[in-house]
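Quick mapping for you: the protein sequence lines, in order, are chains A and B.
For the first sequence, our numbering gives the first residue as 1, with consecutive numbering after it.
For the second sequence, our numbering gives the first residue as 1001, with consecutive numbering after it.
Simulated from the structure, these hints should not be mistaken for lab results.
Treat the hints with care, as some may be off.
[Stated by the list, open to error] Each computed DSBU-like pair below joins lysine-lysine, with the alpha-carbon atoms no more than 35 angstroms apart:
1) A:K30 <-> B:K1172
2) A:K64 <-> B:K1187
3) A:K66 <-> B:K1187
4) A:K137 <-> A:K64
5) A:K129 <-> A:K64
6) B:K1172 <-> B:K1066
7) A:K137 <-> B:K1187
8) A:K176 <-> B:K1129
9) A:K129 <-> A:K176
10) B:K1172 <-> A:K66
11) B:K1066 <-> B:K1030
12) B:K1187 <-> A:K30
13) B:K1137 <-> B:K1187
There are 2 protein chains.
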Amino acid sequence: MTGQTRLSWTDVRDEIQARILDRTYAPGDKLPRDNDLALGLGCARTTVHRAMQDLARIGLVERKRKGGTHVRADPVTRATFDIPITRREVEQRGSTYDYRLISSAVEPMPESVLLRFGSSEPGEALHVKAVHLSDSKPYIFEDRWIDITTTPDILQVDLAGSSANEWLVRNKPYSKLDVRFFAVNAKGENAEHLSVAAGEALLVIERTTWIGSAPITTVRSVTAPGYQLSAQN
Amino acid sequence: MTGQTRLSWTDVRDEIQARILDRTYAPGDKLPRDNDLALGLGCARTTVHRAMQDLARIGLVERKRKGGTHVRADPVTRATFDIPITRREVEQRGSTYDYRLISSAVEPMPESVLLRFGSSEPGEALHVKAVHLSDSKPYIFEDRWIDITTTPDILQVDLAGSSANEWLVRNKPYSKLDVRFFAVNAKGENAEHLSVAAGEALLVIERTTWIGSAPITTVRSVTAPGYQLSAQN
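Isolated chain A, as found in the complex (with noise of 0.2 angstroms):
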């Protein structure tokens, strides 16, 4: 049979991840090497290799560099979320965005930005606070430190004319990126930029970038009642 069947990866994928369910390979056990996967099923190796991406990306097999690939023994819930630049994400919803500069001023780090940035070295960052407007409501309050250091050009763009969002992710490209959601009620500033009452459940994303272990920017995204952000596998 080698070589003659045309397994599709897909169709490799969906017969490992039968086996697993089955409990052929059970939790925590190692997988056979991906040749002999491909021997056994007569498929290319390049096949399994396929089929075990994606069977990695969703969380039921670890693969390590030397050490072959095992079952998770304890599978995990994995998706990929994108978060776009905001104006686009209110375009693409066929409304009209709009950007309001709130305050833009280099200032002393208080002690909430250097945890997030992980640093301890006390100093100045730009400390921008700006409102996203979606068919002219209220969409996403930012309050964002960006490191003059990392990236001192910020200095001369012109934030009251576009969003530090979209200068950023088009000219600072981060090697690492840390993301958090959470829950909090409205108020002061919050309430006050997204007009909603206080006591009013709005979700925040974090997010925090570095380049190699210096830090760019963090910025808290407050979004107005009713946001969603979806992700898929």
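Given chain A, put chain B in place with the hints provided.
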């Protein structure tokens, strides 16, 4: 030089990233073929391939099966998150896990559940409500529906003894996943089962899974105040 220099895939990734940053390859541009890049850099094609996978993973380039690699015209913040079994999540934080079944009954699916499943056919499903506890305090209140056509076995499971969450993750691999995050103000059942005051802001994680196009389960996990979900690139 070719074949002499030993560039690692991270070197190659950093070099390509630098070229995207300095606009050698501008947003929307097609990148040279992996082979040509490899020749130019004096490394193996597989090294370029590995570097490109990483740049695609962080959302800087897009790979198309036949169309080669492009610099994304609209960069996105892309991150991957893992949601472990809730018991594991609690135990990994060094806390003691406990679980309490509130109710379990076969009931007609309401409109909202049909919508989440993307199904228009009315029918019955297993409706399970439960609380996960961390150090005896409510941690997550889950309100779950399980399709008994794709998952009839669930009717034999003792859901008072162990959670549907655990049984499903261990026994019911899915091929398609949708996850949503949003914030709600505590009220009714959510407030009651999490023992919080009405009005408190709570993060909700809503997950729906399918095998092929057939629904498996949809669950709303309402988390206790202060809950954070984090993700990395």
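Hints and how they fare:
Between A:K30 and B:K1172 the alpha-carbon distance is near 20 angstroms, which keeps this suggested pair within the 35 angstroms criterion. Distance restraint check for A:K64 and B:K1187: the Cα-Cα separation of roughly 46 angstroms exceeds the 35 angstroms cut-off, and the hinted pair is therefore not satisfied. For a cut-off of 35 angstroms, the pair hint linking A:K66 to B:K1187 is broken: about 51 angstroms separates their Cα positions. Taking the CA atoms of A:K137 and A:K64, the gap is about 48 angstroms. The hint is violated against a cut of 35 angstroms.
For the suggested pair A:K129 and A:K64, the alpha carbons sit about 43 angstroms apart, so the restraint of at most 35 angstroms is broken. Distance hint between B:K1172 and B:K1066 is fulfilled; the C-alpha atoms sit about 34 angstroms from each other, no more than 35 angstroms. Between A:K137 and B:K1187, the direct Cα distance comes to roughly 27 angstroms. Compliance with the 35 angstroms bound is thereby established for this hinted pair. For the hint linking A:K176 to B:K1129, the alpha-carbon distance of about 38 angstroms lies beyond 35 angstroms, and the restraint is violated.
A hinted pair counts as satisfied when its Cα atoms are at most 35 angstroms apart, and A:K129 with A:K176 qualifies at roughly 23 angstroms. Distance restraint check for B:K1172 and A:K66: the Cα-Cα separation of roughly 29 angstroms lies within the 35 angstroms cut-off, and the hinted pair is therefore satisfied. Of the supplied pair hints, the one linking B:K1066 and B:K1030 holds, its CA atoms being roughly 12 angstroms apart against a limit of 35 angstroms. Using a Cα cut-off of 35 angstroms, the hinted pair B:K1187 and A:K30 is violated, with the two alpha carbons roughly 47 angstroms apart.
Between B:K1137 and B:K1187 the alpha-carbon distance is near 18 angstroms, which keeps this suggested pair within the 35 angstroms criterion.
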